[in-house]
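Number of protein chains: 4
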Amino acid sequence: MDKIKVPAEPDGKRFQDHWRTCVGTGRLGLALQKEYLDHLSVIQREIGFKYIRGHGLFHDDIGIYREDRVDGRSRPFYNFMYIDRIFDSFLERGIRPFVELGFMPSKLSTGENKVFYWEGNTTPPTDYDKWANLIKAVILHFIDRYGLDEVLKWPFEVWNEPNLPGFWQNADMGEYCKLYEVTARAVKEVNPDLKVGGPAICGGADHWIVEFLSFCHDQKVPLDFVTRHAYTSKQPEVTPHFYYQELYENTYMLEEFKSVREIIDRSPMGKLPFHITEYNTSWHPLNPVHDTVLNAAYLCRILSEGGDYVDSFSYWTFSDVFEECDVPRSQFHGGFGLIALNGIPKPTFHVFKFFKKAEGDILFRDERTLVTRKKDGAIAVLAWNEVMDKGDDFQRELALEIPVEYATVFMKRSTISEQYGNPWRSWIQMGRPRFSSKQAVETLKQVARPLVTTGRLESENGYIRLITTLTKNEVSLFEFSQIHDESHTYIGLDDSKITSY
Amino acid sequence: MDKIKVPAEPDGKRFQDHWRTCVGTGRLGLALQKEYLDHLSVIQREIGFKYIRGHGLFHDDIGIYREDRVDGRSRPFYNFMYIDRIFDSFLERGIRPFVELGFMPSKLSTGENKVFYWEGNTTPPTDYDKWANLIKAVILHFIDRYGLDEVLKWPFEVWNEPNLPGFWQNADMGEYCKLYEVTARAVKEVNPDLKVGGPAICGGADHWIVEFLSFCHDQKVPLDFVTRHAYTSKQPEVTPHFYYQELYENTYMLEEFKSVREIIDRSPMGKLPFHITEYNTSWHPLNPVHDTVLNAAYLCRILSEGGDYVDSFSYWTFSDVFEECDVPRSQFHGGFGLIALNGIPKPTFHVFKFFKKAEGDILFRDERTLVTRKKDGAIAVLAWNEVMDKGDDFQRELALEIPVEYATVFMKRSTISEQYGNPWRSWIQMGRPRFSSKQAVETLKQVARPLVTTGRLESENGYIRLITTLTKNEVSLFEFSQIHDESHTYIGLDDSKITSY
Amino acid sequence: MDKIKVPAEPDGKRFQDHWRTCVGTGRLGLALQKEYLDHLSVIQREIGFKYIRGHGLFHDDIGIYREDRVDGRSRPFYNFMYIDRIFDSFLERGIRPFVELGFMPSKLSTGENKVFYWEGNTTPPTDYDKWANLIKAVILHFIDRYGLDEVLKWPFEVWNEPNLPGFWQNADMGEYCKLYEVTARAVKEVNPDLKVGGPAICGGADHWIVEFLSFCHDQKVPLDFVTRHAYTSKQPEVTPHFYYQELYENTYMLEEFKSVREIIDRSPMGKLPFHITEYNTSWHPLNPVHDTVLNAAYLCRILSEGGDYVDSFSYWTFSDVFEECDVPRSQFHGGFGLIALNGIPKPTFHVFKFFKKAEGDILFRDERTLVTRKKDGAIAVLAWNEVMDKGDDFQRELALEIPVEYATVFMKRSTISEQYGNPWRSWIQMGRPRFSSKQAVETLKQVARPLVTTGRLESENGYIRLITTLTKNEVSLFEFSQIHDESHTYIGLDDSKITSY
Amino acid sequence: MDKIKVPAEPDGKRFQDHWRTCVGTGRLGLALQKEYLDHLSVIQREIGFKYIRGHGLFHDDIGIYREDRVDGRSRPFYNFMYIDRIFDSFLERGIRPFVELGFMPSKLSTGENKVFYWEGNTTPPTDYDKWANLIKAVILHFIDRYGLDEVLKWPFEVWNEPNLPGFWQNADMGEYCKLYEVTARAVKEVNPDLKVGGPAICGGADHWIVEFLSFCHDQKVPLDFVTRHAYTSKQPEVTPHFYYQELYENTYMLEEFKSVREIIDRSPMGKLPFHITEYNTSWHPLNPVHDTVLNAAYLCRILSEGGDYVDSFSYWTFSDVFEECDVPRSQFHGGFGLIALNGIPKPTFHVFKFFKKAEGDILFRDERTLVTRKKDGAIAVLAWNEVMDKGDDFQRELALEIPVEYATVFMKRSTISEQYGNPWRSWIQMGRPRFSSKQAVETLKQVARPLVTTGRLESENGYIRLITTLTKNEVSLFEFSQIHDESHTYIGLDDSKITSY
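Protein chains in written order, with numbering that gives the first Met the number 0: chain A, 0 to 500; chain B, 0 to 500; chain C, 0 to 500; chain D, 0 to 500.
Treat the hints as calculated values from the structure; they're not laboratory data.
Don't take each hint at face value.
Note that identical chains are pooled: a pair holds if it fits in a single copy or bridges any two copies.
Below 27 angstroms or equal to it, Euclidean Cα-Cα: the simulated BS3-like pairs (lysine-lysine) are [what the hints assert, rightly or not]:
no.	residue 1	residue 2
1	437	356
2	219	373
3	152	437
4	219	194
5	233	194
6	113	129
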């Protein structure tokens, strides 16, 4: 039994909403699709991220960089038709691009090093001047279309995970530093107030950060923020359909946030903003863990505490509209998305909604609990019971004493668990149909909702007491608000006069 | 324990959807309102009635009948501005008017006999020729606007509950017969294929039907269908806010359907169609029973069996947008609506949805159970546990053996009960706030949903066995469908490789 | 020929958008209707007023004030069900209420003095304490629902046109001062920062303003702003269907704005804000002038200059969804609306859109011309040719020299005139059908659009020259913007290689 | 001067709407895009085609055909995720697929013969059994998802333009016959009532049709319909940006329709249905003629008469969302679409709308005029003035005598011409901006509308007389309908009492 007596006053720490600053997306070219945009509309209406980040700005499908033969010579042609449509779609939905500058257009590429089903080219440019011109042309166009005030709010990040040979030929750090320098100087040439950063590495290579910071410092290369990724999955077991991986504890990720934060603070560049531009449990889009309730419960602590260390951390990704491992082959397939195909929210989606509802001053926080209070006195308790062990017997008993300033309290409880808000489980019962019928979609949407129940409590000596149980991997949000009872205004009210009551 | 072995073959009786033929509405003038139309859109998308019937076609707020002074004389002016907008709105939402011809325009009225907060005038016309001209002008306009083919599908019913003095001055049967005759002849003068009927009486006065049928027969007055209302509430206890009434058993209503059906069949007019143009538990719009789960459970048997006796029965009404007793004074107030104000569905709404899902051949039916099968072999079990006694201990234990032609079965259970799908209960917990905040509306919509759970069963010897419990007043719909299991197509599938599973 | 050489620099005066601060509406109860809200959505998307003002807040149809018998005594009951829905609808569409406090609820009224088809009661209250309690209850509810910050932005105006006996029994100024004082003190009792004003008189009675200001000053009655109405129509000729009135010159209204402004400034209350809370040509809702192009051309000068004198002037009204003279009897009927029934914009609607497009620094302005420049250098010329004489020969020749900073100019001309953007004329050709078929609505919407044409000009010595003709009652908006010609980037471009070109 | 006296009775020929049976689309993969679907929604609401046909069903981007390594062997995997989404989108918009079976999935292809920017593989399959299995699997899936009744309405066409080496390796007729036979037999194996056809050749190779029909006859290969394409452009002149081509007269295409119709009728296969599954002026998507008014005027005769010869002819294509020559590089670029990027309708779009409005019995038809009458007596005159010569002086004077059965006639004229409904012209004036700003899109949409004017005519001796002028390349639709004048019902009506009138 977890016994918690919540203090009546906050400890001064506000709950940081840095978990809501940015979210990841499949390659930008997918943002032309209707299903993608339908999902993004839901995400923005229900959660409301501030930025969106994805690969593929310069990939051939968006077609920004082309070359024409004119008078026998090759000449660059910049085509903004699709990227305008994409960024318009983002801004119309209240979300700004966190611009990743990459990968390499075929026409500028020096080789066949490619990544993903969609074959992003990850080689250095044939000509760094042409690359710089591309960067400048693109940003100038953004300013022309959206205005300087708007574009000054867009961070520009140079490339993605250059420490992996798939993403950057030979994982060549020297070449990356060159790319970074050329790019950063091109950005600043357009306007010195634009923000540029890197090195966008994945975990396990933090010496890159040390050396990259030194490089920028020594060479006086502009650097406005530092970026890195974070995943907590171990070595994979691969089947043709799935990528299975065990997970580390979620503290593993928080430790990474913290240690890199310290690396930056100790560096000659000083206290630069630090953005986790990708994180999730597994880094593979065919890992079924993403569809589970465990994924949701596991992330709670990270959402609760991550903002203490980093300026943003960006869940990878908002939707299963995603093609890094080919067109998805089934309704559920282990994709990263908060929303599965056909618009079905996963448990992790609801955890994000719960955290949004829980914004306020922190009254209490531990590794499985967060209690906050809003200005109007409403209190939110977010409690989770993440269990990485197999088996069913892992209930969490919880006894809370919560300070309230009012006598009568309305309680609303929203729950996701193995039983509720878990469409993956119903889909398994259905026999894992690959291509959902309309009827199946309807059922999956219904079971994807959290269970919502309500109640009424009386406070005693300024406290209400809540004793409750969380089943395995359950996440429950309890919202407490004052009741202004109006029952006495109904003259002659008497429910017992109703048949059956 | 109810033990039921469902036969493998239907008994030949199809489940009649006459419960879905028509639905009632507040006075037609309310159909100009946005909230009304929003509710109607939901109703039509989720249930899909064929007709809608309400009072007030000739009420002054719609303004059809006016008189002008021209050259010192009074001349009728027919204004179709609003009725066109209203009927357009109905037809755009896939529902046709079941036209009630009434009440009396002020300019044609002979007195101050009025009904409802909105003061419908219920006196005979000053001049029956003017009334007949009005009827003809209106129907000719309908034909002009919507085409004859369309209007031939609209039943025309003469007046409403003339057997009550509030609705028809002195409840004068002779005067009603006159009104009916003039009206019916006017309708047929426009086109002899148009359908006209009456007498739209409330219960407790079936001698009106006997005499009305004789009258029509003897006077050779056209009559295409017979109409009557049916409610099951006893004498009221009135408080300033509410109208409390005990209910008769629901068989009371089925008996009424049956006995009037017989009256008609035995009459000299013969086997005319018989429409119940209003029914509900209570006939009062401030009776809290309408908001309860009991109301939903209680009606199940009527929906299940009513269609055996009558050609339609029209639930009174689809929405709490209703003003017979003044502007509603609170979120829940005992209104008739399937949908409460602010778009919150009540338990009875879901029962209608459940019955729609249960359409098919009847395999089994008793007073608390309906089992049907669709052409594709899918089976629906609708079970209810209506309890009119007070207290909590009235569970219904149910053991079903259901014949299926397939080995593995997906089960979807949708439940409303005192605990789930019951926004009235949460609203009471909130302290019965009269005017819902947006936050309250959000919560009430969430708790208004049925609980949906799913499962998987294996058949044995051509049967699946379901043992389950229904709590007090619970209504559960069980949908069983064949599973085409595709799990084997996922090569290397093994959920146990996922952390926690 | 009007020859105008537009100066290159503004004279320091900004074009005031006070014409866009507020707009009038039919009684608030109509705001429950779908058609009303559809029109308001269009108005807000295309023009975007800040406030909306209409009668009938306390009219019985919204039902705010009721009385219950409790223990043998009458007790007030405040019902906010409908007003919440109405104000929610306004705020969702980005428009705030300019709250008119009136008329009298039946239950509080002292007589049968009524106004309009909808019978607004215009008598003093039976009990000024009950009235004050009503005011306080209503405003407290608004603050509870919308927050104090929001409600502090809502002006509260006391009553409407008390100088007319139809609107205030006996047009009793002393009684109005009493009503004002009680009301203003009640408002300030809720919160002293709330804004309250009056006397909302119609024209022709400005001694009311003088005396009202003295009264407030002498009695230390709170007064935050002064309100008055303005119409320019002469004595009517009334037919059963229409109200015909000749118009004064439009300068008549501007003179009124100016003279009342001076009355206020000279008063002991000093330079209070001054709002024209209603204006139009005719004050009657069955005057066909409202449907004409003359109405649009006539108002241009008022929109152009009115803001120099008053803090807002509120066009009466945005929509023909209006019932002061009964339910409208035909598609066009002389209603006030910017938008006619069935969503058809009138010429005056487009003039409002044109003025919105013309916002910027004034470069030139005379009685039939307005030239402005935006920050990006784009120039708008709004020219009109209002002609009050009958007959067709009243063209206006116009020669403009317009300073531009760029060589090549794109011109977009938007025109309404007797020929274009004039659905009333097409409707007359159709034979004035009262109740539009869907086909007629489609045609009327098509002809209701302004004619839009485009062109290209070259500047010479920093000027472009525009010589053009305006037909009778034409209003044309010319928008000039810089061309960044990209034709040279199309390699091998040659239109003459296209067949026919 | 064209003097035309329209006969009072039809000649028995109904105007065929075969022009509306089918429309072309860019490759099916583009149907995932929001902009594509937005355009399709407009097309279906405004015109309403019955079928849609495009390339790329088996292209890798839709991902239907994949292969897995299982137990060391390759095994086909059919992925219907995207094609379900695409066909759902079609059916939701009321349009059915006219299914083109092609091109070759990479995994089944025998070479690198590819077509278009998007690299459709146009080689024979590695294994005709695998191909047949693919065909069967796909159609079985369609039947499973949409029902047999639905899929029986979908024609299946084998491949596209096999007579061109780009589209079919070596344009090998023998190989095509093999492909056709295997495919047709596979289709019929699924269900013998499914419809299959070919050979989908382009013009200039009609011996293919002769030989293909003989082949099917001799080999008893199922063939339900014959397909061919038709374009009227001559040899191109190519610049890096555009493809310029002179056009043949439009009778060239009608002759083709006719002659191939005769080939089929004379063949041993007999009177098979004949579908033109693609037609347009130019066959190149970078030919500016598609954006012009000439294109619209030119096609009128083909729309007017084409249906006399063929069972359908399918305009290639409905939208400029199209990628055969790379991502479009500018707002207008000579694309095939009826709708340009950013939702701007082209003149040809309006011609299709005009023809839809003109449906009825033919009263008169010549090479530049079509007169029809609807059942309700409404008459449509569609007149065009297609001019292939350069220069401006090509007005068409037209004097029509039109028989009407009513005295007073309402005329609605809708016009597109070089001046009206011509966004391409305004865009040229703007300096051909490649990537339209929102402001430019707004202007282009406004100028893209036809000019609509109205009038009123009196008939004399049963005829109305219309004398009018058509400017170069103008297309005008005149709609005449009876006026039921209601002016006399407005008592006291007198417009001269309105100021200015």
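Using 27 angstroms as the alpha-carbon threshold, which applies to residue 219 and residue 373: within, between, both, or neither? Neither way: residue 219 and residue 373 sit 45 angstroms apart in one copy and 41 angstroms across, limit 27 angstroms.
I want to check one pair: residue 152 and residue 437. Are their C-alpha atoms no more than 27 angstroms apart within a copy, between two copies, both, or neither? Only across copies: residue 152 and residue 437 sit 21 angstroms apart there, 41 angstroms inside one copy, limit 27 angstroms.
Since the copies are identical, ignore which copy is meant and state whether residue 113 and residue 129 lie within 27 angstroms (CA to CA) inside a copy, between copies, both or neither. Intra 20 angstroms, inter 30 angstroms, cutoff 27 angstroms: intra-copy only.
Within, between, both or neither: how does the pair residue 219, residue 194 come out at a Cα-Cα threshold of 27 angstroms? within (15 angstroms within a copy, 58 angstroms between copies)
Can you give me the call for residue 437 and residue 356, within, between, both or neither, at a CA distance of at most 27 angstroms? between (31 angstroms within a copy, 15 angstroms between copies)
Pop the pair residue 233 and residue 194 into one bin, within, between, both or neither, using alpha-carbon distances up to 27 angstroms. Answer is neither: 34 angstroms inside a copy and 54 angstroms across each miss the 27 angstroms cutoff.
When the structure is compared with the earlier hints, violations turn up for hints 2 and 5 and for no others.
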